[in-house]
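Engineer: Residue numbers (my numbering), protein chains in the order written: chain R, 1 to 312; chain G, 1 to 297.
If you are wondering where the hints come from, they were derived from the structure by calculation, not from laboratory data. In this text the structure is predicted, and so the values were computed from the model without any measurement. Here a beta-carbon is modelled for each residue, glycine too, at the ideal position from N, C-alpha and C. Accuracy of the hints is not assured; some may be wrong.
Stated by the list, open to error - Derived CB-CB ranges, DEER-like:
#1 R/S101 with G/V165: 35 to 45 Å
#2 G/N185 with R/A14: 46 to 56 Å
#3 G/A181 with R/A164: 52 to 62 Å
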Amino acid sequence: MLSRARLAPLALWALMLGFVLIAPAFLYPVFVMQLLCFALFACAFNLLIGFTGLLSFGHAAFFGGAAYIAGHVIKMWGFPPLLGIITGALFAAALGWVVGSLAIRRQGIYFAMITLALAQIVFFFVLQMPFTGGEDGLQGIPRGYLLGFIDLNQPLAMYYFVAAVFLVGFLLIYRIIHSPFGQVLQAIRENEPRALSLGYNVDRFKLLAFVLSAGLSGLAGSTKALVFQFASLTDAHWQMSGEVILMTLLGGMGTIFGPVVGAFIVVALQHVLSGIGSWVQVVIGGTFIACVLLFRRGIVGELARLLRISSL
Amino acid sequence: MRLILAQGMLGLNNGVFYAMLSLGLAVIFGLLNVVNFAHGALYMTGAFLALILYSYLGPWLGLEWLQIGFWPSLILVPLLIAGFGMLIERFMLRWLYKFDPIYSLLLTFGVTLVLQGVFINFFNASGTPYPAMPEMLKGVVDLGFMKFPKYRLFVIVFSVAVCGVVWFIIERTRIGAQLRAGTENPELVKAFGINVPLMVMLTFGFGTGLAGLAGVLAAPIYSVSPLMGANLIIVIFAVVVIGGMGSIMGAVVTGFALGLVEGVTKVFYAPAANTMIFLLMVIVLLVRPSGLFGRQS
Numbered sequence: 001m002l003s004r005a006r007l008a009p010l011a012l013w014a015l016m017l018g019f020v021l022i023a024p025a026f027l028y029p030v031f032v033m034q035l036l037c038f039a040l041f042a043c044a045f046n047l048l049i050g051f052t053g054l055l056s057f058g059h060a061a062f063f064g065g066a067a068y069i070a071g072h073v074i075k076m077w078g079f080p081p082l083l084g085i086i087t088g089a090l091f092a093a094a095l096g097w098v099v100g101s102l103a104i105r106r107q108g109i110y111f112a113m114i115t116l117a118l119a120q121i122v123f124f125f126v127l128q129m130p131f132t133g134g135e136d137g138l139q140g141i142p143r144g145y146l147l148g149f150i151d152l153n154q155p156l157a158m159y160y161f162v163a164a165v166f167l168v169g170f171l172l173i174y175r176i177i178h179s180p181f182g183q184v185l186q187a188i189r190e191n192e193p194r195a196l197s198l199g200y201n202v203d204r205f206k207l208l209a210f211v212l213s214a215g216l217s218g219l220a221g222s223t224k225a226l227v228f229q230f231a232s233l234t235d236a237h238w239q240m241s242g243e244v245i246l247m248t249l250l251g252g253m254g255t256i257f258g259p260v261v262g263a264f265i266v267v268a269l270q271h272v273l274s275g276i277g278s279w280v281q282v283v284i285g286g287t288f289i290a291c292v293l294l295f296r297r298g299i300v301g302e303l304a305r306l307l308r309i310s311s312l
Numbered sequence: 001m002r003l004i005l006a007q008g009m010l011g012l013n014n015g016v017f018y019a020m021l022s023l024g025l026a027v028i029f030g031l032l033n034v035v036n037f038a039h040g041a042l043y044m045t046g047a048f049l050a051l052i053l054y055s056y057l058g059p060w061l062g063l064e065w066l067q068i069g070f071w072p073s074l075i076l077v078p079l080l081i082a083g084f085g086m087l088i089e090r091f092m093l094r095w096l097y098k099f100d101p102i103y104s105l106l107l108t109f110g111v112t113l114v115l116q117g118v119f120i121n122f123f124n125a126s127g128t129p130y131p132a133m134p135e136m137l138k139g140v141v142d143l144g145f146m147k148f149p150k151y152r153l154f155v156i157v158f159s160v161a162v163c164g165v166v167w168f169i170i171e172r173t174r175i176g177a178q179l180r181a182g183t184e185n186p187e188l189v190k191a192f193g194i195n196v197p198l199m200v201m202l203t204f205g206f207g208t209g210l211a212g213l214a215g216v217l218a219a220p221i222y223s224v225s226p227l228m229g230a231n232l233i234i235v236i237f238a239v240v241v242i243g244g245m246g247s248i249m250g251a252v253v254t255g256f257a258l259g260l261v262e263g264v265t266k267v268f269y270a271p272a273a274n275t276m277i278f279l280l281m282v283i284v285l286l287v288r289p290s291g292l293f294g295r296q297s
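Same shape as in the complex, but just chain G (with noise of 0.2 Å):
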């Protein structure tokens, strides 16, 4: 019992990140229509920017007093990384619209492999530590039923909390409002005053934001390295298929739920603990074909 129990805290902890993730593909799918490929691989930039921030700036710059912290990044990444989304939104994807969305997964694709070779290149692709985990992060709490790492603690707090405050954004507020009517109907949307096209940027930004956030997160729990992103990637498509393309409520449980039962399964049979996610999709589509929190089509 403990044994499941310490395994279901640590898949709770993947389940932040199949969450996020998954989050993130939500908003920008059930939004735009995009399927973000580039999705892990902006994560894992995420998190090299973090070590970057860290280690490398500084030394780079002649400053060797430079070290900017776990914190200052855990605000200042996101935002890069959601102005590089914004960028490839604005540059790259606005032209393919017009055509089948399958070209801007392909696109996406495109961009994974360059920003996975560029990182390959610079810091090969064995992981590197994260060394600026905070001060008040380190060391471990007990549960009762086992010793949790204060800092995974925070991580899954953390995050819960962004859920929250993204899924309330969207489905209570009034820029979620208009972000929902803009995807319906630009013109609409258009004749009363919103600059749509910006709205669409500022949007995969917000997306693509989400992927920073969780790689800064990562961070200090993963080695980080070139290729983190590259399989996180395939799980997360399945957890938004089962959780229904575009749903943020379905993503959100879908990945922590799918975290803890991705843990728990390591404690019955450790090698099918990778394919269970897996296999779940597969029951799933066969049971209802537009996932969990899909609507039927």
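Isolated chain R, as found in the complex (with noise of 0.2 Å):
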């Protein structure tokens, strides 16, 4: 007989396998392929604000900056799907090592307003660069065929790839957590003096901790960017770093799943209130308010509370 705590991640785990397998037969590929994306932002995003305690405002950058890179390698210079969304998150990492490197010498709100002054010259660029067109975005990105011979024209072929790279990403990032390297960066998280006077090269771990969660953010991003065929400076924007702060602590900060139940709510509630126009805006501050003030801990934050179980 499993107990609950090892019966209710594992219902969570079969609860999402099986609505990533199934999902394009009772809705929108599309939607459900930009969902996955956010999915994988937010849980990437998680890994640092969650698991280490560092909160970027920043992380449009690394999600809007390799949207454009791995747009811009396949579009003109002919790179496979594959490997453009790899050179995406490849150069994302690299603009994560920058930013973390400046941004971990402060820490706390101070941490938070440098990450956002980053991104900001990260948008400035993509705003003025020659190649990104400017206030147009970068459009007309080719899905081409995945490994020479699957077609991504097709939607569900499309699908299943989306649905691969997020589960990789997701694995890796739970890999991650469950590491003693994720160890560590939770010690970190709840004790910071205390890892330090263990031994631990705390700017290190943190700086890699950066380094990863730029990078799969970057991953998400490309595979956006190669779902919608389209690269825009709303990626890139400080507006986009605050919806994935929203989307981690509305599911719940640190929680496993929490992150993808947080970007589904999210990227369902501005689908199904599309038609209200900018009071879209109001609904997601409002949540982000209600969440703040009401359930820090995030929905499945409470839920693990409630089960009392420690990890979910």
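Two chains, two separate frames, one set of hints: put the complex together.
Structural biologist: Structure (structure tokens):
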């Protein structure tokens, strides 16, 4: 007989896998692909805030920056799709290394503001560089052939490719969290001076977590660019950094499935409410306020507390 | 040379808003340890209130003659924004002081989204001009190297005065001393019979009132738009990081200086003007992580 503490995460795994596999049968595939990209983005972000205790307010730079780079190498340099999104992710990781090494010099709110300001530099670059299309964005990114023979213009082929990218990313994050490295990150989150006194090179761990998080955010952004065949300024704007925070907060910071749930709710909300124009922004803002005031643990976090399970 | 001086003056004019807004942020952060992300949105709301008082309030009430002009707005709007800020403090922020300061940042971010969304819905995202520039401030002054709009000169002089007064109140008066003591050790200050929660509320209101004041001053220069605070707030954060967070002097001096730097950069390489501030921030962080005027921590 499995205990509740083991059963609940297994049930969530099964639910998530089941949903990812059969979703296109009853939902519009592009919608689910968008959802999976944002879910991966939120999980990557959560690796930093939830498991290392670092609030980055500049993750749009990695998400959007990678979208532009992937779009550019695929469209102009003729990279195959898989190599294209990997290039985008590697670019984001490299950018993450630069931003991270500057930002980890300061803590807490200072850290957040520095990442925000550096992300804004990236935004201005994206706005002004010749290859990005400025206000119009980078359009007409071809989806191409995966491994040379799977036609990604077929909606289902594209869908399962995106689903695979999401699952690989999610598993990687899951492995990172449950590795000794992930344990050190959580020790840093809980008590940084103690981790330092135990002899861990805290700054190096933080930087590595930042680079991983940035790279995986880049993977999500590149994949989104391939899905929509389009990279736009909104992907790199600071409000995108805010949105990913909301997704993570709403689902539950520091939980494994929370960001997926949060991304699902926010993306679904935007779709359902798209008819009411900018009132969506008011609803999103209101959700933010309600989350911060009423349930800081997030949906999955509160669920875990109700079921008295330490990790979901 | 003329071009550099001219761009410098225009830069100084932007610097006014950097200084006023980062001053409000510094007051709030230095005394309450709250990063008010909504500061830009409150500045935008201030500009809109001035516009509403002049152009919309009368028609809404059916009193076509009612137009509240620039001068009354300059007093009325900061008070309204301060009141609004105090409501936010009293009913939202107050519950978060015992948690990580990151939560108050996120809360005020939510407030920003709500305010922006509301104004976009009523006034759409493009700007509306504010038609109530006072008669006596129309026209230009000849500065020798350029003809400078009277209104902009007024804004510079007025703001320098406001910044000076705020600095004086906080650093040199009894009230300022109580404020600073209240943030260092609330229990002790309470024991002196001072109502600390009230003081905190008033301080937050004062800081946001400064944002409202900047909004009114900005309305006749820039067109009033729901996104006018959105991009400015990031620049303000950079200014505050460069100046040293919570330092009143740092906020003001850095604000004016960076406006100047930005203006002059436009002469040499215009596309870099936007990024210049952020590049400076990176350099300052590398050399002096606590900011130019910050205390080493």
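Engineer: Are the hints correct? Go through all of them and say.
Structural biologist: Status of the hints after comparison with the structure:
Range check, R/S101 to G/V165: about 41 Å between beta-carbon atoms, so the 35 to 45 Å window is met. The given range of 46 to 56 Å is respected by G/N185 and R/A14, whose C-beta atoms sit roughly 54 Å from each other. In this structure, G/A181 and R/A164 meet the distance hint of 52 to 62 Å, their C-beta atoms being roughly 60 Å apart.
The structure agrees with every numbered hint stated previously.
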